[in-house]
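Chains as they are written, first to last, in my numbering: chain A, 0 to 406; chain B, 0 to 406.
Keep in mind that the hints are not guaranteed to be accurate.
In this list, chains with the same sequence are indistinguishable; a pair is considered to hold if it fits within one copy or across any two.
Dumping the calculated DMTMM-like pairs for lysine to aspartate or glutamate here, alpha-carbon to alpha-carbon at most 25 Å [stated by the list, open to error]:
(1) K258 x D336
(2) K122 x D139
(3) K29 x D59
(4) K128 x D59
(5) K128 x D104
These aren't lab readings, by the way, just hints derived from the structure by calculation.
Protein chains: 2
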Amino acid sequence: MDLIVQKFGGTSVADVPRINRAARRAIQAKQDNLQVVMVVSAMGKTTDTLIDMARQINPDPPRRELDMLMTTGEQVSMSLMAMAIHAHGHEAISLTGGQIGLICDSVHTKARIQKIDADRIRKELAAGKIVIVAGFQGIDEAGEIYTLGRGASDTTAVALAAVLKARYCEIYTDVDGIYTTDPRIEPRARKIQQISYDEMLELASLGAGVMHSRAIEFGKKYHVDIHVRSSFTDSPGTFITHEVEQMEHIVVSGVTVKKDIAQFVLVGLPNTPGVAANLFVHVAEHNVIVDDIIQTVDDNGKASISFTVEKGDLAECKLVVEEIRRQYAGIDVNIIDPVAKVSAVGVGMRSHTGVARKMFGALAAAQVNINAITTSEIKISCIIPPSDADKALRAVHEAFGLDQQPA
Amino acid sequence: MDLIVQKFGGTSVADVPRINRAARRAIQAKQDNLQVVMVVSAMGKTTDTLIDMARQINPDPPRRELDMLMTTGEQVSMSLMAMAIHAHGHEAISLTGGQIGLICDSVHTKARIQKIDADRIRKELAAGKIVIVAGFQGIDEAGEIYTLGRGASDTTAVALAAVLKARYCEIYTDVDGIYTTDPRIEPRARKIQQISYDEMLELASLGAGVMHSRAIEFGKKYHVDIHVRSSFTDSPGTFITHEVEQMEHIVVSGVTVKKDIAQFVLVGLPNTPGVAANLFVHVAEHNVIVDDIIQTVDDNGKASISFTVEKGDLAECKLVVEEIRRQYAGIDVNIIDPVAKVSAVGVGMRSHTGVARKMFGALAAAQVNINAITTSEIKISCIIPPSDADKALRAVHEAFGLDQQPA
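Extracted from the complex, chain A is given alone in its bound form (with noise of 0.2 Å):
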């Protein structure tokens, strides 16, 4: 019998009826002669409401208690699910990430699946029984408690799909899919209807917030086929699998811009081997992310080097910044804050040429001034004003066709 894994986050659990409706749409899979596994995650704002409880207690509150408070979240929930599939004549039970065997490291509030021994969900699945597991937690193999990171939810889904050989993972979520933008920004964004992991991870590092990233990474490690889609409707929304032949027809699937983002310049650098290291060896020590990276070379022989932050790490970042100033006698340091970044993404970059030249066109004729350009196998990203920002998105989504319904 072929079994389907369906996660649903907390807007899809939060409250009476929307955990009734879940419980129907796993029955409604039962009674097509499927096995169901379904992976919940706490209801609605439960796990922020219980981290504030903390932080009144304790501003600086030990990790593993926090891990031992919020992991109760997905325990209701799948509880709570359980009574509900009872209710409605079915066979359910509720597993903890203890009582399914899903092994983690032992980092608390962010361990990391090491192996799932799945025979309990096998066996209660064997018996008839729709299993309910909840998202987002595991134990070490001394039995202690963690959670897997904000979003893990998703993670446990696809891993739990991975182990159990699932047909596909559903994740229900509050949107109908992914989009080839920002629908906010961009009225004219489309959902899409398949995309590559390698895509979605992509867009996902650049803001484009709908999965985990580690649970696209897992998906595409254990070939599971990720349906993204809405719990309040029956339409299909966006499947995330490999790659096949028809998505390299499509250059470009889907444009980002971020924003809430600074650029560091370093010039006068000298140009002689292990300066850049000795620079992010630097900003690493201060747990400081970087993204965008650009060296350049000028005619005095001198090294650039730039670099974007995210303005949450902007203030730490300077703190470095000031120590690599006093290591190199005579470097200027210029901080462009904010600047925006608008990116376009698609596995068909690799197999089409003049991509560059229609993104730096689009903006052109929208008068939108290029800092920075930085390039990936699958992605172009230009960093521009923050003033320019909507409409340098518009301009790109609309020069790749992506408003228009593919042929």
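Dock chain B against the given chain A, drawing on the hints supplied.
Structure of chain B alone, referenced to chain A:
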């Protein structure tokens, strides 16, 4: 190093200030050079709120899932308690029923403790930590999660005190001890300094609901001194201990009244072996709990049996009695609904004479008619009209001098 167990009920951890107050009590004990194990209940009315939510979803939720749901309440309060102790600069760790190795039988919502493997607790205590344990929960040998019945956090605490050979077990609650009677009915009721397990068991079964009966049984069986006290003051409460000689000088320790009961009187039954057994087999099959059974034989050689039931069991018990009436031709059934029961409890009864005379005399002087009398070794109960209940309580309380300070 000596060890104490401190149990904090729902009202004692109902909000952040109360959690902090409980944390400071534990820290004080630690600073007094004691090892400290705390047992916590769910915050305030959390358990009721969870059950209400469950019943909205399923009027008859599976008991396994109810246990899964309810055990989150203690997990929240214990993790917050650990955070509070850390905020005060001390080390603490919270542990679930499973983590402390509290193994129970496999009866959902009312499991019984079978053993506690306290190695983990001992290890954490040895590391200098205050150990916080979730009350009311355990696991069975298969790792399934159970609750131990309403109010069973007391039982967890006393059982832990037994296993860990604690100096004593403190039960922090919203009253400041055990009283000679209900102060809401008799304002001259006094706090009892010391009471025996047996007396406390009788009082608990008679509705003096400060402590869970099973906890008292554990205390008696494993010689745990229990100190019931208020979490809002520092004054001593009531010690529940083994009988000591001075208790014998006190004839009656407490007086209780129970309302909301009904009396069944079956007249004209054959006085032959097996009649009573037949009656109470039927009663037990319907899960009706009976009390105050009296059998007599009249002039005609016919037997009369009377007993009381709580109002909640009245309808079910009427069905049972109808079955009995069909089996024995010509019997009469009288149901006296409601009746009340006033009881005097004291281990001193064993060694003192005239106790019954004093009690009946007090009731006669107060013009209270007695429907029935039952006694145990340390208790006398009288079934009386409910309209006389409060008056009867005050009369008996005064007759045994309970309103006077003991010599």
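- Task: Could you work out which earlier hints the structure fails to respect and list their numbers in ascending sequence?
- Result: none
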